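Undergrad: This is what each chain is made of:
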Amino acid sequence: MIVTKQLRKSFGNHEVLKGIDQHIRQGEKVVVIGPSGSGKSTFLRCLNLLEEPTGGEIWFEGVNITDRHNDINKMRRKMGMVFQQFNLFPHLTVTENITLAPIKLKKLPEEAAKERALELLRRIGLEEKASAYPNQLSGGQKQRIAIVRALAMDPDVMLFDEPTSALDPEMVGEVLELMRELAREGMTMVVVTHEMGFAREVANRVLFIDDGIVKEENEPGAFFDQPKDPRLQEFLSKVL
Amino acid sequence: MIFEKLLSVYEAFYNAIVPERRYLAYINGLKITLVISLFAVLLGVAIGVVVAVVKVCGAHTRSSLMRFPAKLCDIYIAVIRGTPLMVQLLIIYNLIFTSRNTNPILVGTVCFGINSGAYVAEIVRAGINAVDIGQMEAGRSLGFPWLQTMWYIILPQAIKNILPALGNEFITLVKETSVASVIAVNDLTKNAQYIGSRTWDLIPPLLIAAAIYLVIVVLLSRLLGAFERRLAKGDRH
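Chains as they are written, first to last, in our numbering: chain V, 1 to 240; chain U, 1 to 237.
Simulated from the structure, these hints should not be mistaken for laboratory data. All values reported here derive from a predicted model rather than from experimental measurement. Be aware that a few hints might be false.
Unchecked claim - Cut-off 27 Å, straight-line C-alpha distance, at most; resulting in silico cross-link-like pairs (DSSO-like, lysine-lysine):
{"hint": "1", "chain 1": "V", "residue 1": "K78", "chain 2": "V", "residue 2": "K114"}
{"hint": "2", "chain 1": "V", "residue 1": "K104", "chain 2": "U", "residue 2": "K160"}
{"hint": "3", "chain 1": "V", "residue 1": "K106", "chain 2": "V", "residue 2": "K78"}
{"hint": "4", "chain 1": "V", "residue 1": "K215", "chain 2": "V", "residue 2": "K228"}
{"hint": "5", "chain 1": "V", "residue 1": "K114", "chain 2": "V", "residue 2": "K129"}
{"hint": "6", "chain 1": "U", "residue 1": "K5", "chain 2": "V", "residue 2": "K129"}
As the list claims (entries may be wrong) - Over the 10 Å line for every Cβ pair with chain V, so calculated as not near, a few chain U residues:
{"hint": "7", "residue": "R67"}
{"hint": "8", "residue": "I153"}
{"hint": "9", "residue": "Q157"}
{"hint": "10", "residue": "G167"}
{"hint": "11", "residue": "I203"}
To be verified - Calculated Cβ distances over 10 Å to all of chain U for the following chain V residues:
{"hint": "12", "residue": "G56"}
{"hint": "13", "residue": "K74"}
{"hint": "14", "residue": "L105"}
{"hint": "15", "residue": "G139"}
{"hint": "16", "residue": "I213"}
Note that the Cβ used here is the ideal one computed from N, Cα and C, for glycine as well.
Input sequences plus hints: build the corresponding full structure.
TA: In structure tokens:
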């Protein structure tokens with residue numbers, strides 16, 4: 001579904017990604033971990049070109065999205081993204097946050113979009129917040145609504161950039177629970193996170209990115225119990 | 001003695017207002033001043049928003065195709081802010097609108113609008129830059145093109161940052177339109193001068209004009225203050 005070929009990204013003289021080859025398959029849940037500054041967030045943000053790669057290729061559903069002739073805006077509609085800082089639109093109500101893109105981009109009639117938004121809100125138990133503004137919500141509620149906003153576009157893949165890192169500890173659970181639910185439903189997911197428990201439980205495959213390359217990848221059991229790379233052993237000994 | 005002085009002051013102001021229904025000249029002048037200000041500010045905002053968006057776009061792109069218009073906007077702002085308003089007005093009036101039947105009010109409006117646009121552009125640009133970068137990323141990640149993200153997501157949030165400064169710009173503009181009298185626009189200032197020339201006493205009509213400007217500006221400030229407080233209410237968490 002997503003293929004990266006020798007993906008490279010530099011900021012000025014500093015090379016953050018040094019050639020990453022990955023193949024993310026339909027329905028797969030890939031969790032990316034690594035120390036801060038390792039390039040894991042940059043890798044994720046390259047997948048929908050929020051960061052423009054400086055080398056290599058990214059293919060999404062058979063289309064080379066790094067080729068400038070292909071319309072990235074069209075491709076992004078199929079790639080939902082969830083941010084560490086939620087990035088809800090503060091000037092719009094919860095419903096408007098969710099319906100803006102479907103109405104403007106998919107030309108969905110307003111009524112249908114609203115109905116869909118309410119349905120999604122009911123699913124996460126926040127339908128009474130439909131006409132609230134983001135600043136009236138808790139962090140956990142904001143992030144769940146940000147996830148729903150991305151889902152409203154019916155994406156084929158969801159990208160999560162440290163979705164629980166900005167949350168108070170007691171709110172992490174509700175967001176992870178929603179992500180687990182998505183995973184059970186078969187959504188293709190790429191998740192950058194520090195939640196090792198989530199990685200072990202949900203991932204099909206865990207990547208360890210360090211110093212701009214994938215140092216180790218494996219299914220979660222072997223990844224956490226028999227790490228081979230010395231940097232990964234060191235990293236896991238610190239975080240587990 | 002003092003009574004006579006007061007009487008002569010009273011007479012001077014009476015002469016500046018009542019005979020030949022001179023008060024109508026102030027009212028008509030004020031109307032023209034307000035019309036020029038209002039349309040100039042609308043034109044200024046329109047120019048300012050476009051210039052600001054072009055400049056922000058130019059700052060965030062690597063393609064030289066988009067940087068060229070941004071450079072033009074830089075030049076526009078540098079020229080407008082670097083030359084006196086009165087000179088701009090005279091040049092536009094004498095050079096560009098040379099035809100005999102030009103409407104000086106229209107010329108004034110266009111000139112003040114173009115002038116104001118340069119200042120508004122910088123205000124709007126600062127307002128746009130104050131919106132969190134994550135908002136642009138969120139919009140783009142949903143599939144919105146850059147310009148649509150700007151229109152639906154960034155600009156509505158930037159307005160809150162922009163309005164106070166924009167209000168000040170409007171107040172400045174109301175006062176600056178007095179310069180329009182040099183191109184034969186019968187605005188408040190020009191009419192006051194005209195009355196002064198009829199009564200052989202310039203000071204009373206000019207004081208009256210000054211008082212009218214002051215009242216308008218104070219009213220506008222109050223209005224803006226109330227408006228800002230209402231906007232701020234929606235901000236509280």
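Undergrad: Checking a non-interface call: every C-beta of chain V should be farther than 10 Å from the C-beta of I153(U). Is that right?
TA: At about 6 Å from chain V, I153(U) fails to clear the 10 Å cut-off, so the statement is violated.
Undergrad: Check whether the Cα positions of K78(V) and K114(V) lie no farther apart than 27 Å.
TA: 20 Å, holds
Undergrad: Q157(U): least C-beta distance to chain V exceeds 10 Å?
TA: 5 Å, violated
Undergrad: Would you check the hint for K5(U) and K129(V), treating anything up to 27 Å between C-alpha atoms as holding?
TA: 72 Å, violated
Undergrad: For K215(V) and K228(V), compute the direct alpha-carbon distance and say whether it is at most 27 Å.
TA: Since the Cα atoms of K215(V) and K228(V) sit roughly 9 Å apart, the hinted pair holds (cutoff 27 Å).
Undergrad: Just want to verify: I213(V) was marked as not at the interface with chain U; is every Cβ pair farther apart than 10 Å?
TA: For I213(V), whose nearest Cβ neighbour in chain U is about 25 Å away, the distance exceeds 10 Å, so it holds.
Undergrad: Looking at G139(V) again, its CB stays over 10 Å from all of chain U?
TA: The claim holds: G139(V) sits with its nearest Cβ about 12 Å from chain U, beyond 10 Å.
Undergrad: Using Cβ atoms and 10 Å as the threshold, tell me whether G167(U) really stays out of contact range of chain V.
TA: Consistent with the label, G167(U) stays out of reach of chain V, its closest Cβ about 20 Å off (over 10 Å).
Undergrad: Please confirm whether L105(V) is truly not at the interface, meaning its C-beta sits more than 10 Å away from all C-beta atoms of chain U.
TA: 5 Å, violated
Undergrad: For a C-alpha distance cap of 27 Å, please report whether K106(V) and K78(V) respect it.
TA: Judged against 27 Å, a Cα distance of about 11 Å means the pair holds.
Undergrad: May I ask you to check that R67(U) keeps its beta-carbon over 10 Å from the closest beta-carbon of chain V?
TA: Consistent with the label, R67(U) stays out of reach of chain V, its closest Cβ about 16 Å off (over 10 Å).
Undergrad: Does the no-contact call for G56(V) survive, Cβ to all of chain U over 10 Å?
TA: G56(V) clear of chain U: closest Cβ-Cβ about 18 Å, beyond 10 Å.
Against the hints set out earlier in the document, violations occur for numbers 6, 8, 9, 13, 14.
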